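Listed below are the residues making up each chain.
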Amino acid sequence: MKRAFAISAVFALGGCGGIQSAAGRDGMEGSLIGGLFEVFLWTTAAVYLFVLAYLAIALVRGRRHRREAAGLQGQPPPDADRKWRTGLIVFTGATALILAGLTIATWLTDRALAKAEQDSPVEIEVIGHQWWWEVRYDDPIPSRMVRTANELHLPVGRNARITLKSNDVIHSLWVPNLAGKQDLIPGRIADLVLHPERTGVFRAQCAEFCGLQHAKMALDVTVESEADFGRWKAAQLRPPPVPTGGGALAGYSLFQSRQCSSCHAIAGTPASGMVAPDLSHVASRRTIAAGTLPTTHANLAAWIDDPQAVKPGNNMPEVPLTEAELGAVTAYLETLK
Amino acid sequence: MKPEYDPDGYRRDGPDFTGEPLHAKLTETWRDGPGLLGWIRSVDHKSIGRRYLVTALVFLALGGVLAALMRLQLSGAEREIIGPDRYNQIFTMHGTTMMFLFAVPVMDAMAIYLVPLMIGTRNTAFPRLNAFSYWMYLAGGLLLWIAFVLNVGPDAGWFSYVPLAGPEFSPGKRIDVWAQMVTFTEVAALAVAVSLTATILKKRAPGMTLARMPLFVWSILVVSLMVIFSMPSVATASGLLLSDRLVGTQFYNSYEFGDSLLWQHLFWFFGHPEVYIIFLPAAGFVSEIVQAFTGRRTFGYTAIVLALIATGLLAFGLWVHHMFATGLPRLGYAFYTAASMAVSIPTGIQIFCWLATIWTGRPRFMVPLLWVVGFVVTFVIGGLSGVMLASVPIDLQVHDTYFVVAHFHYVLIGGAVFPLLGAITYWFPKFTGRMMSERLGKVGFWLSFLSFHATFFPMHIMGIEGMPRRIYTYPAGMGWETLNLISSLGAVVFATSVGIFVVNMLLSLRKGERAPDNPWNASGLEWATSSPPPPYNFAHLPIVQDHTPMWNDERPVAYGLRVEDREMLISTVIEAVPDVREPSPNPTAWPLIAAAASTVLFVASMFTPWAVVIGAVPVAAALIAWFWPKDMNHEGEPVIE
Amino acid sequence: MSSRCPVSLLFLLPLTLVACHRETRDYESDALLSNDRPVAFGANAYHLAQGQRLYAWMNCAGCHAHGGGGMGPPLRDDEWRYGGSMEQMVATILDGRPHGMPAFRDKITEDQAWQLATFVRAMSGRARQDMLAGRADEPANVEPLTLDSRKPVRRVTPKQDDATEE
Chain A
200 MKRAFAISAV
210 FALGGCGGIQ
220 SAAGRDGMEG
230 SLIGGLFEVF
240 LWTTAAVYLF
250 VLAYLAIALV
260 RGRRHRREAA
270 GLQGQPPPDA
280 DRKWRTGLIV
290 FTGATALILA
300 GLTIATWLTD
310 RALAKAEQDS
320 PVEIEVIGHQ
330 WWWEVRYDDP
340 IPSRMVRTAN
350 ELHLPVGRNA
360 RITLKSNDVI
370 HSLWVPNLAG
380 KQDLIPGRIA
390 DLVLHPERTG
400 VFRAQCAEFC
410 GLQHAKMALD
420 VTVESEADFG
430 RWKAAQLRPP
440 PVPTGGGALA
450 GYSLFQSRQC
460 SSCHAIAGTP
470 ASGMVAPDLS
480 HVASRRTIAA
490 GTLPTTHANL
500 AAWIDDPQAV
510 KPGNNMPEVP
520 LTEAELGAVT
530 AYLETLK
Chain B
110 MKPEYDPDGY
120 RRDGPDFTGE
130 PLHAKLTETW
140 RDGPGLLGWI
150 RSVDHKSIGR
160 RYLVTALVFL
170 ALGGVLAALM
180 RLQLSGAERE
190 IIGPDRYNQI
200 FTMHGTTMMF
210 LFAVPVMDAM
220 AIYLVPLMIG
230 TRNTAFPRLN
240 AFSYWMYLAG
250 GLLLWIAFVL
260 NVGPDAGWFS
270 YVPLAGPEFS
280 PGKRIDVWAQ
290 MVTFTEVAAL
300 AVAVSLTATI
310 LKKRAPGMTL
320 ARMPLFVWSI
330 LVVSLMVIFS
340 MPSVATASGL
350 LLSDRLVGTQ
360 FYNSYEFGDS
370 LLWQHLFWFF
380 GHPEVYIIFL
390 PAAGFVSEIV
400 QAFTGRRTFG
410 YTAIVLALIA
420 TGLLAFGLWV
430 HHMFATGLPR
440 LGYAFYTAAS
450 MAVSIPTGIQ
460 IFCWLATIWT
470 GRPRFMVPLL
480 WVVGFVVTFV
490 IGGLSGVMLA
500 SVPIDLQVHD
510 TYFVVAHFHY
520 VLIGGAVFPL
530 LGAITYWFPK
540 FTGRMMSERL
550 GKVGFWLSFL
560 SFHATFFPMH
570 IMGIEGMPRR
580 IYTYPAGMGW
590 ETLNLISSLG
600 AVVFATSVGI
610 FVVNMLLSLR
620 KGERAPDNPW
630 NASGLEWATS
640 SPPPPYNFAH
650 LPIVQDHTPM
660 WNDERPVAYG
670 LRVEDREMLI
680 STVIEAVPDV
690 REPSPNPTAW
700 PLIAAAASTV
710 LFVASMFTPW
720 AVVIGAVPVA
730 AALIAWFWPK
740 DMNHEGEPVI
750 E
Chain C
86 MSSRCPVSLL
96 FLLPLTLVAC
106 HRETRDYESD
116 ALLSNDRPVA
126 FGANAYHLAQ
136 GQRLYAWMNC
146 AGCHAHGGGG
156 MGPPLRDDEW
166 RYGGSMEQMV
176 ATILDGRPHG
186 MPAFRDKITE
196 DQAWQLATFV
206 RAMSGRARQD
216 MLAGRADEPA
226 NVEPLTLDSR
236 KPVRRVTPKQ
246 DDATEE
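Chains as they are written, first to last, in this note's numbering: chain A, 200 to 536; chain B, 110 to 750; chain C, 86 to 251.
Next comes chain A alone, as it looks inside the complex (with noise of 0.2 angstroms):
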């Protein structure tokens, strides 16, 4: 049927999987989240093909009827009826137990889902705010707690917990690839269990409107394995080291003294800003801004220089900086990996 050919272009045009896609069931929540959807997909395409056909045959039965017996009106006899009120029983009930297997296919996927959140989990937390993401790797010793923004780092094949919170407006941390989504409600506390199987880059976005930079609100996942999580982490622990000359070091005399460290924080540094995202490592994001702009000199430079311009209303302001002071601070930044 055209239709039919028409549904299957388009979905060779918007190409399945990609790193933020439903479609691709990287993790194992989304694998049987997956599998339900095709579950559901099929019946449903059954039911609305049985609908189709009921409705040609009516057309094409009701123009015959109308050719044989033009000039009359009013209600057929009432006989005429009966085996149509036994069809629309047997319809109803057909529906119901549709329905009601699609609820039991729902409520046996449900269960499988809760099941899963049993062993060791890596301890996130993830706080919203408005417009990037705040990620806490919790650890029994404080020592040994991870804080960075706008990405997450996760070992495959093992259970990650994340705790949501939300500093200011509802949020909601969606890792297509991965599984569902999850609000991040101010006030509440709520939790969203990731099982990546496959080792890969993907893409999170924040997906309840938060405002006006909901559109860039994005965040870079990396599965790995648990050997070159182990190494992020402990990258992640030690401190960048302090520049010992040239332009990176005049950059962090720059960051210390101007207004960047009100808001940012650098560990091993003065700079101790809790309200923005951490820099500490933020060169070894693939991503700045909450996911908008790809990780590079020119575009570090052009975020600095004006903030506004790139993700427009965001709270990072427009700070005066000569040519030769945001070279050096981006020089500095570039050192922080």
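Heads up, a few of these hints could be off.
[Stated by the list, open to error] The calculated DSSO-like cross-link candidates involving lysine-lysine, where the alpha carbons are at most 30 angstroms apart (straight line), are: (1) A:Lys282 / A:Lys364; (2) A:Lys364 / C:Lys192; (3) A:Lys282 / A:Lys432; (4) C:Lys236 / A:Lys536; (5) B:Lys739 / B:Lys134.
No wet-lab data here; the hints were simulated from the structure.
Owing to the predicted nature of the structure, the values given are computational and were not obtained by experimental measurement.
Here the structure of chain A is known, so what remains is to put chains B and C in place on it, guided by the hints.
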């Protein structure tokens, strides 16, 4: 004394007083005054229904322009045509306009016009309340749109979640405008609902028992009761929001034992029945069109009535399915999954019955029936994607993505707008006395139908592919560009097709073929009078003996209503036995004055709480003048058989 | 896109000017370029809200509490040691003052200082009613600003240069 005068000296219609002299007398009694003042003071349901319809269609056009702007911005990645602030206002205004200012009012419009005609009476039960409701609706719409033009348009979504819409994160008056507009439209809808409920239950023609009422009238009865139970919830929610913003109460402040989720519960307790309030009248349209264009009574009358009632009741038990991602207990969610699935059963029953009617009838494929076919093909997709959304795990993936956008446009446009356009085509001769162009109608239909799918089907995939809602732009390289472009191109064609429909309406108003009383050979009472109907609707009240009065050869009528004053017949609720004759109000400006006073009160109360106290005085004065007892020598009289 | 105030609505012009300016989300701080900064910042609800945010972010409450004062003087009353006009408050914030008010010149940008001044001015009831928020989403610590009465500026210690009063 002439035979047409009764013992008390009042002229009444009868076998001796009929035809042209009766028409002249009744017209003099029931018509509006001349000119603009006459139009303002009108309490004629047809005049009010017409102005409701025109206003609602204007808001449809405005909302459509906003949609076109959104699709323009999203047609490619990282476009900078519209900035984030303006885009947030645009999508908020689009949703708010379509839901509050178009979808419900347009159904109200059709109901106000058609219900008295369909049940065989001269006006609604509370004509002045109808007039008042129109002015309140107009005031609310103007408030919102003038504010938008002045840069005070709301920008936190049509659903306005707190804390984003709260005092800290939405500075200025934008959200107050939104919240107060809700008050206006809620008052208007409640007024219409009360009026229509009373009309349907008490004003039916003799012999039109509840079991013989047209299906559209049943749908309006169910919808009116739904409005009465659901609208107060959103009015409460917006009232509490205004209070938090203006005087610093803590209803939605979780730091002071309030709760942001309170907003969501209150809003969606209204919001979910709202979509059925929009859909059920459209289902009523489909029942009527199918009956007229197949030449047989709609199959399964009882089943459809029960389905309407079941949908109306079940609709109140579903609202949490909008909150599946908020972290409420999973066991509770399971209940809402089951209920959300169950609500599709009554709708499925209706579809079965409609298709059975077509199968066993003799369908004429004129434009209204085409729209019904388009409705079935489209709405069922929307219903099935709704079944997917009812399942919590699936919803957790596609909630707040373009998948949901696709779903609700399929059910709202496919399920409400398509039947509406068919209904307007069907009843246009009755409203205006002219037929719409059949050829232009067919062109418009096919263009609309095909472009609708081109616009909205890709959105299902965009949602699954990770595109969230309410974003003013998206990065390049996500794989969303092609689908968005297709959708935007489809939107251009869809807008054009709606334009064609409007052009058809306007051209037909001037040059359409003149319509007889019953151009479609349909079965309802509204076709028993001229096109358009005279101010008094029916010269003699029809008596109804079955479901399809106009398909009988005999058309019995009842005599005895007064002719020189406005008088209507009240009948019993279930059996429609004539009971009492009641006076009906003359044209008056007090509804407008009361609405103006209420407008001042509501608008001023956005700025200071004192407005509620001070503004109540003119409102009270207007209401007292409105309800001041009229001369007492025209009381209700019992009916004498 | 700049503010949409269509010329055709001339009869709404006065309203236009008021509403448009109050509601403009001036995130590029075009108000800094204005000739009349006290009005450009002070009559804009967005800047007021940003000032409220910055008051929390910069921990002004550490000395001034939520306007009631502590180590620092109260900000909600009518006493102003160094002047209560917008320009004077901005100078206070950027350059600091004797007896403990730090200089924030290199800690916040100039437009942020103006935003803070807008908010501080609102704390003593001198902002226009329609710009104020009833409360913030936090534990209740002050009377709602919308219900507060206006406290005119009163200079407490005499100063050499002429101060403009409001």
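Results of checking the hints against the structure:
| no. | hint | in the structure |
| --- | --- | --- |
| 1 | A:Lys282 / A:Lys364 | 59 angstroms, violated |
| 2 | A:Lys364 / C:Lys192 | 28 angstroms, holds |
| 3 | A:Lys282 / A:Lys432 | 70 angstroms, violated |
| 4 | C:Lys236 / A:Lys536 | 52 angstroms, violated |
| 5 | B:Lys739 / B:Lys134 | 22 angstroms, holds |
The structure shown violates the earlier hints numbered 1, 3 and 4.
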